[in-house]
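Okay, here's what each chain looks like letter by letter:
Protein chains: 2
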Amino acid sequence: MKKTMLLVALSCTIITQAQDTFTELPDHKAPVAEAWEGVKGIQAAWGTSDVRYAWHSLPDTKALKRTETLTAWRGERVSTQAVIYSAKATDSLTIHLTPFKNGRFTLPAEAVKSSFVRYVKTDAWSRPDGRGAGCGYRTDHTLYDSAMVADIIDPHATALPLGAMSTRSVWVSCQIPSNAVPGTYSGTLCIKEGKRTVAKLPIHIKVIDRTLPHPEDWKFHLDLWQNPFAEARYYNTPLWSDAHLAAMRPSMEMLAAAGQKVITASIMHKPWNGQTEDHFDSMVTWTKKLDGTWEFGFEVFDRWIEFMMSCGINKQINCFSMIPWALSFPYYDVATNRMQVLRAAPGDAAYEEMWVAMLKAFSKHLREKGWFGITTIAMDERPMHAMQKAMAVIRKADPEFKVSLAGNWHPEIESDLYDYCIGLDQAELLPQEVFARRKAEGKKTTIYSCCSTHKPNTFTFSVPSEGAWYGFYVAGTEYDGYLRWAYNSWVKDPLHDTRFRQWPAGDTYMVYPYGRSSVRFEKLIEGIQACEKVRILREEYTATNNTAKLAELKTVLETFNFNSQYTEDFSALIRQGQESLNALSNK
Amino acid sequence: MKKTMLLVALSCTIITQAQDTFTELPDHKAPVAEAWEGVKGIQAAWGTSDVRYAWHSLPDTKALKRTETLTAWRGERVSTQAVIYSAKATDSLTIHLTPFKNGRFTLPAEAVKSSFVRYVKTDAWSRPDGRGAGCGYRTDHTLYDSAMVADIIDPHATALPLGAMSTRSVWVSCQIPSNAVPGTYSGTLCIKEGKRTVAKLPIHIKVIDRTLPHPEDWKFHLDLWQNPFAEARYYNTPLWSDAHLAAMRPSMEMLAAAGQKVITASIMHKPWNGQTEDHFDSMVTWTKKLDGTWEFGFEVFDRWIEFMMSCGINKQINCFSMIPWALSFPYYDVATNRMQVLRAAPGDAAYEEMWVAMLKAFSKHLREKGWFGITTIAMDERPMHAMQKAMAVIRKADPEFKVSLAGNWHPEIESDLYDYCIGLDQAELLPQEVFARRKAEGKKTTIYSCCSTHKPNTFTFSVPSEGAWYGFYVAGTEYDGYLRWAYNSWVKDPLHDTRFRQWPAGDTYMVYPYGRSSVRFEKLIEGIQACEKVRILREEYTATNNTAKLAELKTVLETFNFNSQYTEDFSALIRQGQESLNALSNK
Numbered sequence: 001m002k003k004t005m006l007l008v009a010l011s012c013t014i015i016t017q018a019q020d021t022f023t024e025l026p027d028h029k030a031p032v033a034e035a036w037e038g039v040k041g042i043q044a045a046w047g048t049s050d051v052r053y054a055w056h057s058l059p060d061t062k063a064l065k066r067t068e069t070l071t072a073w074r075g076e077r078v079s080t081q082a083v084i085y086s087a088k089a090t091d092s093l094t095i096h097l098t099p100f101k102n103g104r105f106t107l108p109a110e111a112v113k114s115s116f117v118r119y120v121k122t123d124a125w126s127r128p129d130g131r132g133a134g135c136g137y138r139t140d141h142t143l144y145d146s147a148m149v150a151d152i153i154d155p156h157a158t159a160l161p162l163g164a165m166s167t168r169s170v171w172v173s174c175q176i177p178s179n180a181v182p183g184t185y186s187g188t189l190c191i192k193e194g195k196r197t198v199a200k201l202p203i204h205i206k207v208i209d210r211t212l213p214h215p216e217d218w219k220f221h222l223d224l225w226q227n228p229f230a231e232a233r234y235y236n237t238p239l240w241s242d243a244h245l246a247a248m249r250p251s252m253e254m255l256a257a258a259g260q261k262v263i264t265a266s267i268m269h270k271p272w273n274g275q276t277e278d279h280f281d282s283m284v285t286w287t288k289k290l291d292g293t294w295e296f297g298f299e300v301f302d303r304w305i306e307f308m309m310s311c312g313i314n315k316q317i318n319c320f321s322m323i324p325w326a327l328s329f330p331y332y333d334v335a336t337n338r339m340q341v342l343r344a345a346p347g348d349a350a351y352e353e354m355w356v357a358m359l360k361a362f363s364k365h366l367r368e369k370g371w372f373g374i375t376t377i378a379m380d381e382r383p384m385h386a387m388q389k390a391m392a393v394i395r396k397a398d399p400e401f402k403v404s405l406a407g408n409w410h411p412e413i414e415s416d417l418y419d420y421c422i423g424l425d426q427a428e429l430l431p432q433e434v435f436a437r438r439k440a441e442g443k444k445t446t447i448y449s450c451c452s453t454h455k456p457n458t459f460t461f462s463v464p465s466e467g468a469w470y471g472f473y474v475a476g477t478e479y480d481g482y483l484r485w486a487y488n489s490w491v492k493d494p495l496h497d498t499r500f501r502q503w504p505a506g507d508t509y510m511v512y513p514y515g516r517s518s519v520r521f522e523k524l525i526e527g528i529q530a531c532e533k534v535r536i537l538r539e540e541y542t543a544t545n546n547t548a549k550l551a552e553l554k555t556v557l558e559t560f561n562f563n564s565q566y567t568e569d570f571s572a573l574i575r576q577g578q579e580s581l582n583a584l585s586n587k
Numbered sequence: 001m002k003k004t005m006l007l008v009a010l011s012c013t014i015i016t017q018a019q020d021t022f023t024e025l026p027d028h029k030a031p032v033a034e035a036w037e038g039v040k041g042i043q044a045a046w047g048t049s050d051v052r053y054a055w056h057s058l059p060d061t062k063a064l065k066r067t068e069t070l071t072a073w074r075g076e077r078v079s080t081q082a083v084i085y086s087a088k089a090t091d092s093l094t095i096h097l098t099p100f101k102n103g104r105f106t107l108p109a110e111a112v113k114s115s116f117v118r119y120v121k122t123d124a125w126s127r128p129d130g131r132g133a134g135c136g137y138r139t140d141h142t143l144y145d146s147a148m149v150a151d152i153i154d155p156h157a158t159a160l161p162l163g164a165m166s167t168r169s170v171w172v173s174c175q176i177p178s179n180a181v182p183g184t185y186s187g188t189l190c191i192k193e194g195k196r197t198v199a200k201l202p203i204h205i206k207v208i209d210r211t212l213p214h215p216e217d218w219k220f221h222l223d224l225w226q227n228p229f230a231e232a233r234y235y236n237t238p239l240w241s242d243a244h245l246a247a248m249r250p251s252m253e254m255l256a257a258a259g260q261k262v263i264t265a266s267i268m269h270k271p272w273n274g275q276t277e278d279h280f281d282s283m284v285t286w287t288k289k290l291d292g293t294w295e296f297g298f299e300v301f302d303r304w305i306e307f308m309m310s311c312g313i314n315k316q317i318n319c320f321s322m323i324p325w326a327l328s329f330p331y332y333d334v335a336t337n338r339m340q341v342l343r344a345a346p347g348d349a350a351y352e353e354m355w356v357a358m359l360k361a362f363s364k365h366l367r368e369k370g371w372f373g374i375t376t377i378a379m380d381e382r383p384m385h386a387m388q389k390a391m392a393v394i395r396k397a398d399p400e401f402k403v404s405l406a407g408n409w410h411p412e413i414e415s416d417l418y419d420y421c422i423g424l425d426q427a428e429l430l431p432q433e434v435f436a437r438r439k440a441e442g443k444k445t446t447i448y449s450c451c452s453t454h455k456p457n458t459f460t461f462s463v464p465s466e467g468a469w470y471g472f473y474v475a476g477t478e479y480d481g482y483l484r485w486a487y488n489s490w491v492k493d494p495l496h497d498t499r500f501r502q503w504p505a506g507d508t509y510m511v512y513p514y515g516r517s518s519v520r521f522e523k524l525i526e527g528i529q530a531c532e533k534v535r536i537l538r539e540e541y542t543a544t545n546n547t548a549k550l551a552e553l554k555t556v557l558e559t560f561n562f563n564s565q566y567t568e569d570f571s572a573l574i575r576q577g578q579e580s581l582n583a584l585s586n587k
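The listed protein sequences correspond, in order, to chains D and Z. Take 1 as the starting number for the first sequence in my numbering and just add one per residue. Take 1 as the starting number for the second sequence in my numbering and just add one per residue.
No lab work stands behind these hints: they were computed from the structure. Just so we're clear, the structure is a prediction, and the values are computed from it rather than from any experiment. A portion of the hints provided could be inaccurate.
When chains are identical, the list treats them as one kind, so a pair holds in a single copy or across two.
To be verified - Straight-line alpha carbon distances no greater than 35 Å define the calculated DSBU-like cross-link-like pairs of lysine-lysine that follow:
no.: 1; residue 1: K364; residue 2: K288
no.: 2; residue 1: K289; residue 2: K360
no.: 3; residue 1: K396; residue 2: K288
no.: 4; residue 1: K492; residue 2: K289
no.: 5; residue 1: K200; residue 2: K65
no.: 6; residue 1: K369; residue 2: K289
no.: 7; residue 1: K364; residue 2: K289
no.: 8; residue 1: K289; residue 2: K396
no.: 9; residue 1: K364; residue 2: K219
no.: 10; residue 1: K195; residue 2: K62
no.: 11; residue 1: K288; residue 2: K315
no.: 12; residue 1: K288; residue 2: K360
Model the full structure from these sequences, guided by the hints.
See the structure below:
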């Protein structure tokens, strides 16, 4: 019951959301007129979710098809794209889906959705000369190629015209109800120019008699860091006001529906030194009283955690950071009646005094709220001696505190870390016995990617299927999930331009304002769902001692081994993986 | 017993105080060599407390005398100056006083003090062309004449050499014990160059059989505003730390010994828009909680008030300001975890909401501390509608709050003001019935002077006796006392240069760091003591129905009427007033 309500609430929220329409930036890459010769009227066909269709290029018509057929588990979200293109400018186009019917059964109307995919500005992995690749500053965007890419899935754009020699894709997704009757459901994507129907594209969804649990029951440990400060700025709402929370809800419910497990909390000011457009403030107030003792307030922290839980994210709370990049800790000083800054490093007496006081108060508060068991004190990669000293301080305050780290592989402190996330490039360093022990202890071990990974990744210029790779890769390893450092650290104008002063474009956020998902986010979810399916199949085969199927599954997953990240064709790899999984899914 | 202890504590504090020696700035006014011709060796004689002896001018030797005779009540502090001068540079000079004896009676050693008077830089009332007079900015000090003037009474300079053709005065003061046996006490001021005594100056103090009460029992309502923030900066001590309070104690005990009645408290940030070198912060913490309600902290306020009371200032607490010059109110905002500023004016809903909340909490706190009855919500002159609206807010929060104002004469709000201080230029505007009614109601009515009054005043270039005029003037009126806006708002380098970016030099402070009094402060006290003596004599004559003496007293005071502020010779006026009072004091 609860799960159904969440899904309904989700769609209602998105549907009733303020429309916030926007106009895309122009595409500076002009169409080649010859390529469009012979294209008559408004054309439409089914493409694939693997492709970012270019705005002013004729799509590869040989790869398009008249009818789409998808395969899905009950509870799964499956997606595809239709492509509309025209040599001449059109009037406003609208899209809608007919009911999806399987004999006397019909999928609920809110289960199927069609949205125009919108173009947004991106850059590239490196400059044309190969320099300035990946991480690092990109303050002069002109040094990099830029492009308008199809990434924003926009439920609010109800009618859009096509310019001359233009292509526009339509994202069609279906969230199969958990209680759907298996069988093939058929519907039609209707495309109209004004009142005239210009295309009717049939689509069939084969619903398999298997059930993917609700995202909150997925075992995949997804951790995309949330930035509530970016949302407050974008929506121009006072921090932590009802309006702020209401404005954030679509983002956070989208994240919950992707199986997010972790709430990102900041327990001091600027844990990452303000690297994002909107830095993180402390959700805990630090007050130095006149007698020199510390007092801590958890009002904001509680409001944030309770809000996130109300969005369906409630498994873990990661609190940043005892060892921020800049070791400066602002606090409200009663004596001077203003913010002051304490500069102290792990090992300093002042550092220990302050953090022991804070963590003791925090532990007490978390225990009162019933959250202590799901909370970790979170660190980023820092010098070993600093991490060890910080850990000693944590233990001094409360030996039962869980600790998390996203960083390099450090055998010295591994056993201290409840939630340990390793960069993809070091994913193979962990000995098998470590995984076994950590699993036995109920600890989480995950991988992350960031600006340092060219492919696979979820930049706005990444091939969409790269995002799906992570779920398949995790499925074939002992890892528990995936972490990315920025779910919604929006840039200044996130709907128009995904580039930032640092890192490849799109690095800082995966979804767009007003509940808009993205092609890359949906493909990431596709991979996570695949991982859950593998788990369920593996559990079944293991329970039934079906060694043949287990071997078959293993073979499939071997195509997603560590080296598969160097494939030339992620889309083919993922497509093949999905087909194999579908074949295995048939009972 | 308490009073004796305070006096002992006072002298101990000063004696054990860190010495903080300093070197005076050079005097750019070179001596005229001819004037010094014929001056043999080191000369010394008694002068008067009325004169700032110039550093490099030969003093008016005809006005000097070999023997000094002072007249004092028991409990009174009487002062004079000796002058040392030499045509040739000297070795280090030291000074000391022999015991003051009256037959078998001796004044306690700590009752008599001799200190070198030090030179400090001042400017002038206006530029040489008469422009830029009084108030207003003086950012370019070169536009004004400057001079080194004798103002700092320095108990820490134990040995000073004289340069060639130089003068140095010695401030000698005697705090007659309340229990001193009347009679003439004789002592000697000894001046040595190295080990050689160069002068022995006899001094006699005629102690009259009348007793001036301890300063805390004086009725004169003295209100010199204190600036603890300046002291914290000067001594480089953390605000409100024990070190800060200890460092401030000499200043505040000197102020208590002058009969100060009022503690200056800031209940919001920058009540005067940061006009002083060190602005006033709020002694009350204002916190806006996440739910939008206000919370107030009084830790600092309590520490300040309790400290001031421990210094002997405990009659009244004036809290600034509901209507600061800039209507912006910083507060600590829990939501954003930083200081925010509310801009609101009297009459705004936000202003009322905030101040009603604050004043309710403040009233409750003050009542718990037992201070409500002595506390006023203090305003400076503001537009009438703003003051009336602020008053309505005060009444809404707690109708019993006392209110004070230093400003113009406003009959419309006079009855609302418990403590009403009027600028000297408007001192004659108040109708007699207002005084009568206010006295009957126990309200205080005082006068103030500031940068707008050329004379009499207490700038560093003012004739010292100008400061004494206020006490005599108040004695002859219905006013209860005197207010000046800055007791210790020190400039950047208060021991060397009293000039500031605004106002005539010395306007912002009356005493110097490390418990150093000043010629002008001592003369101000002289006037206050005269006022107390008048009160006591008047009470006695009234009680004994001594109309002759009452008439005589009235005649004396008429020489200090409103127009006496325009006298050409304040020193003569004060001297004559003191002589008349001494004559009246004889029983």
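Hint-by-hint comparison with the structure:
1. K364 x K288: both (19 Å within a copy, 24 Å between copies)
2. K289 x K360: both (17 Å within a copy, 22 Å between copies)
3. K396 x K288: So K396 and K288 pass the 35 Å test inside a copy (21 Å) and across (33 Å) alike.
4. K492 x K289: Close across copies (29 Å), not inside one copy (37 Å); limit 35 Å.
5. K200 x K65: within (12 Å within a copy, 120 Å between copies)
6. K369 x K289: both (25 Å within a copy, 19 Å between copies)
7. K364 x K289: both (19 Å within a copy, 21 Å between copies)
8. K289 x K396: Answer is both: 22 Å inside a copy and 31 Å across each meet the 35 Å cutoff.
9. K364 x K219: within (29 Å within a copy, 55 Å between copies)
10. K195 x K62: within (29 Å within a copy, 115 Å between copies)
11. K288 x K315: both (32 Å within a copy, 31 Å between copies)
12. K288 x K360: both (15 Å within a copy, 25 Å between copies)
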